[in-house]
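Colleague: What follows is the residue order along each chain.
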Amino acid sequence: MRHLLAGTAIAILLANPLAAREIFVSNEKGNTITVIDGETLEPTEDIPVGNRPRGIALSPDGKHLYICASDDDTIQVMDTATREILGTLPSGPDPELLDLSPDGTLVYVANEDDNMVTVVDAESRTMLAEIPVGVEPEGMGVSHDGKWIVNTSETTNMAHFISADTYEITDNVLVDSRPRFAEWTSDDAEIWVSAEIGGTVSVIDNETREIKHKITFEVAGLPPEALQPVGVRVTDDRSLAFVALGPANRIAVVDAQTYEVQDYLLVGQRVWQLAFSPDQKFIYSTNGNSNDISVIDVENAEVIKSVPVGELPWGVAVKD
Amino acid sequence: MPLTALLRRALGTWLLLLVAAGGARAAALDVTITYLTRSEPPLVPLSLAEPVIEDEGLMGARQAISENQTTGQFLQHDYRLVERVVPEEANLEAVFDEAVGAGERLFIADLRMQDLLALAPKADAAGAYLFNSHAEDDELRTSQCFASVLHTAPSRAMKADALAQYLVWKQWSRWFLVHGSHPADRAFAAAIERAATRFGAEIVETREYQDTGGGRRTDSGHVQVQRQMAVFTQDVPEHDVLVVADESEVFGDYLPYHTWDPRPVVGTSGLVPSSWSRVHEQWGGTQVQRRFTAFAGRWMTERDFNAWVAVRALGEAVTRAQTADPEALHHYILGEEFALAAFKGQGLTFRPWNQQMRQPVLLVTPRQLVSVSPQDQFLHQRTPLDTLGYDEPESECRLNS
Numbered sequence: 001m002r003h004l005l006a007g008t009a010i011a012i013l014l015a016n017p018l019a020a021r022e023i024f025v026s027n028e029k030g031n032t033i034t035v036i037d038g039e040t041l042e043p044t045e046d047i048p049v050g051n052r053p054r055g056i057a058l059s060p061d062g063k064h065l066y067i068c069a070s071d072d073d074t075i076q077v078m079d080t081a082t083r084e085i086l087g088t089l090p091s092g093p094d095p096e097l098l099d100l101s102p103d104g105t106l107v108y109v110a111n112e113d114d115n116m117v118t119v120v121d122a123e124s125r126t127m128l129a130e131i132p133v134g135v136e137p138e139g140m141g142v143s144h145d146g147k148w149i150v151n152t153s154e155t156t157n158m159a160h161f162i163s164a165d166t167y168e169i170t171d172n173v174l175v176d177s178r179p180r181f182a183e184w185t186s187d188d189a190e191i192w193v194s195a196e197i198g199g200t201v202s203v204i205d206n207e208t209r210e211i212k213h214k215i216t217f218e219v220a221g222l223p224p225e226a227l228q229p230v231g232v233r234v235t236d237d238r239s240l241a242f243v244a245l246g247p248a249n250r251i252a253v254v255d256a257q258t259y260e261v262q263d264y265l266l267v268g269q270r271v272w273q274l275a276f277s278p279d280q281k282f283i284y285s286t287n288g289n290s291n292d293i294s295v296i297d298v299e300n301a302e303v304i305k306s307v308p309v310g311e312l313p314w315g316v317a318v319k320d
Numbered sequence: 001m002p003l004t005a006l007l008r009r010a011l012g013t014w015l016l017l018l019v020a021a022g023g024a025r026a027a028a029l030d031v032t033i034t035y036l037t038r039s040e041p042p043l044v045p046l047s048l049a050e051p052v053i054e055d056e057g058l059m060g061a062r063q064a065i066s067e068n069q070t071t072g073q074f075l076q077h078d079y080r081l082v083e084r085v086v087p088e089e090a091n092l093e094a095v096f097d098e099a100v101g102a103g104e105r106l107f108i109a110d111l112r113m114q115d116l117l118a119l120a121p122k123a124d125a126a127g128a129y130l131f132n133s134h135a136e137d138d139e140l141r142t143s144q145c146f147a148s149v150l151h152t153a154p155s156r157a158m159k160a161d162a163l164a165q166y167l168v169w170k171q172w173s174r175w176f177l178v179h180g181s182h183p184a185d186r187a188f189a190a191a192i193e194r195a196a197t198r199f200g201a202e203i204v205e206t207r208e209y210q211d212t213g214g215g216r217r218t219d220s221g222h223v224q225v226q227r228q229m230a231v232f233t234q235d236v237p238e239h240d241v242l243v244v245a246d247e248s249e250v251f252g253d254y255l256p257y258h259t260w261d262p263r264p265v266v267g268t269s270g271l272v273p274s275s276w277s278r279v280h281e282q283w284g285g286t287q288v289q290r291r292f293t294a295f296a297g298r299w300m301t302e303r304d305f306n307a308w309v310a311v312r313a314l315g316e317a318v319t320r321a322q323t324a325d326p327e328a329l330h331h332y333i334l335g336e337e338f339a340l341a342a343f344k345g346q347g348l349t350f351r352p353w354n355q356q357m358r359q360p361v362l363l364v365t366p367r368q369l370v371s372v373s374p375q376d377q378f379l380h381q382r383t384p385l386d387t388l389g390y391d392e393p394e395s396e397c398r399l400n401s
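The listed protein sequences derive, respectively, from chains Y and P. Taking the working numbering, the leading residue of the first sequence gets 1, the next gets one more, and so forth. Taking the working numbering, the leading residue of the second sequence gets 1, the next gets one more, and so forth.
Among the clues, some could well be false.
[Said to hold, decoys possible] The following label-pair restraints were derived from C-beta to C-beta distances: (1) P:391 <-> Y:39: 50 to 58 Å; (2) Y:121 <-> P:392: 57 to 65 Å; (3) Y:289 <-> P:28: 16 to 24 Å; (4) P:76 <-> Y:51: 33 to 41 Å.
Because the hints were derived from the structure by calculation, they are not lab data. Yeah, the Cβ is synthetic: ideal placement off N, Cα and C, and Gly gets one too.
Between the sequences and the hints, there should be enough to build the whole structure, so can you do that?
Modeller: This is the structure we're talking about:
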């Protein structure tokens, strides 16, 4: 495995000597962003940021990292090269998760406190719109064609489909309790929505805006209430999906065609969010209560390493 | 009449019609929930730092209605809260009859046990449902059960068990029990005694503190308190904690740091079991705390939470079952499908045999969350939550069977 990793590293270095993979992790309690070298898998920096950093996302060009500093009611913009905070976006109160339009010009933010989704212009850093949604908006997912934004509301228990043209909600899909995350498949055919308390992932058909399948989880020896799906990621080829199961300390590996759970990978404690490497060979999970991230080999569905980070890791984003 | 005036009048009528048409656009479902309480003098806390709250419970119901409404707007479900506050000496049953006559069937009952027992047979007969958000009496869960009564307030036994599990886990298993002289104080003391037997703790001595009346606010009262509490807790066999049962707020808060032996105080003062607390911020709790504080201008209390969670349970059932029919809602809430997210880290459900809401119980000090029970080590074949309070074999109630 070490040889394989080294080989991958050399190949990447040869292909683009300037680029190096970096993994960014927000530490909710530590108020920092940990940077991990994607090749050596060693933490290299711990950068102080705003209070209670949770959701993070990279601009499509990888130059900027957007950080929800929840307790500062703001979104910080970090220069990924210099690690400097360039400024803040007007986010509305208590931003938790965000997503960007495919061209990176718009930032969509879920504001838990006031039942709004905020649309911010990334360039001018001005608020363009506030869209009323259900109680406690959390998950944010923008379709790959940029036309739709899905927001999940944790207490209303819906996935709200918002048109990116009109900022109007056109469809509301009732899912199970406490929906946390919305993940569009690469072809925009499906949206996978996790429900933390409901213990399920609803696969929503984008054509009909109806639930076409509900994935449930079962681990021998664990009570059903411990299986709490949060982060969800689906590979671009729609072969596999990974679902972080919170206090179950496991990630479910799901066949994204048949929706069958193939395996449960034991990771750190209270596994929260997930992110692929750009080549999708690896997926990284934040393990909040054990202060580390797990590195998973996607093809072999195998945990290959855990890397210590700051206090209560929450969000993760990866750039090459 | 000048033409302009005529025109204005015509236009006015037309506008009125439009408004009426808009208002008449019937919601797909109309849900009326009644908050029923009897006004009584508010409990004045011993501590000057704690506010005297006049609208406990009611604000929780109002907050939940507004949340239900936010969800309802996406489904054309319309929620309405009818607030019926009955004067202290008034006839509650007449008010209930009037409410039933007005078509109201879903009640948040912020009432004491005797009032609840008076209404329960009427509710059974009327096809109405009472969500008990206040009375913690264990009789209502073990012997006096009604098909129409559901409990969101945890029982005293649930709270005592939650505390006992933590104390036993800490291996603080020798308890000195001190209770007040009012019935509620004795009832909580009885729950503590039961919990001790249940979880293998030992009560080394029990003492009663007599309420002899008198004012709470004094200028130099602390001088006497310092002497009285030390003497009151003198000469007790070796113990690990002092468990106080003073629901009436007569003396409990005087015990910490005044005891003869240097021991922690738990129970209704010190480390307290509760369904809710302003210090709770786990599992997204911060969000509802912020919402509530902004809305009510004060912290959310346990009684607020008990009413909030009852209105939310009804909202959840309406949303999922797509009905406003009381019987159908009751059926859904007691069914397998129901699980309410309420900032407790797992879905809340109801025990079918006595219609008590299962819920984790917080163990809090005035400033911090210390733990949440059930503790991991206590297992149950159905759900660990059923290690709190009277389990099915211990209850005479067999509702929904």
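Colleague: The structure should be examined with respect to each hint, and the outcome stated for every one.
Modeller: Hint by hint, here is what the structure shows:
no., hint, result
1, P:391 <-> Y:39: 50 to 58 Å, "holds, 56 Å"
2, Y:121 <-> P:392: 57 to 65 Å, "holds, 59 Å"
3, Y:289 <-> P:28: 16 to 24 Å, "violated, 43 Å"
4, P:76 <-> Y:51: 33 to 41 Å, "holds, 40 Å"
Of the numbered hints stated above, the single one contradicted by the structure is hint 3.
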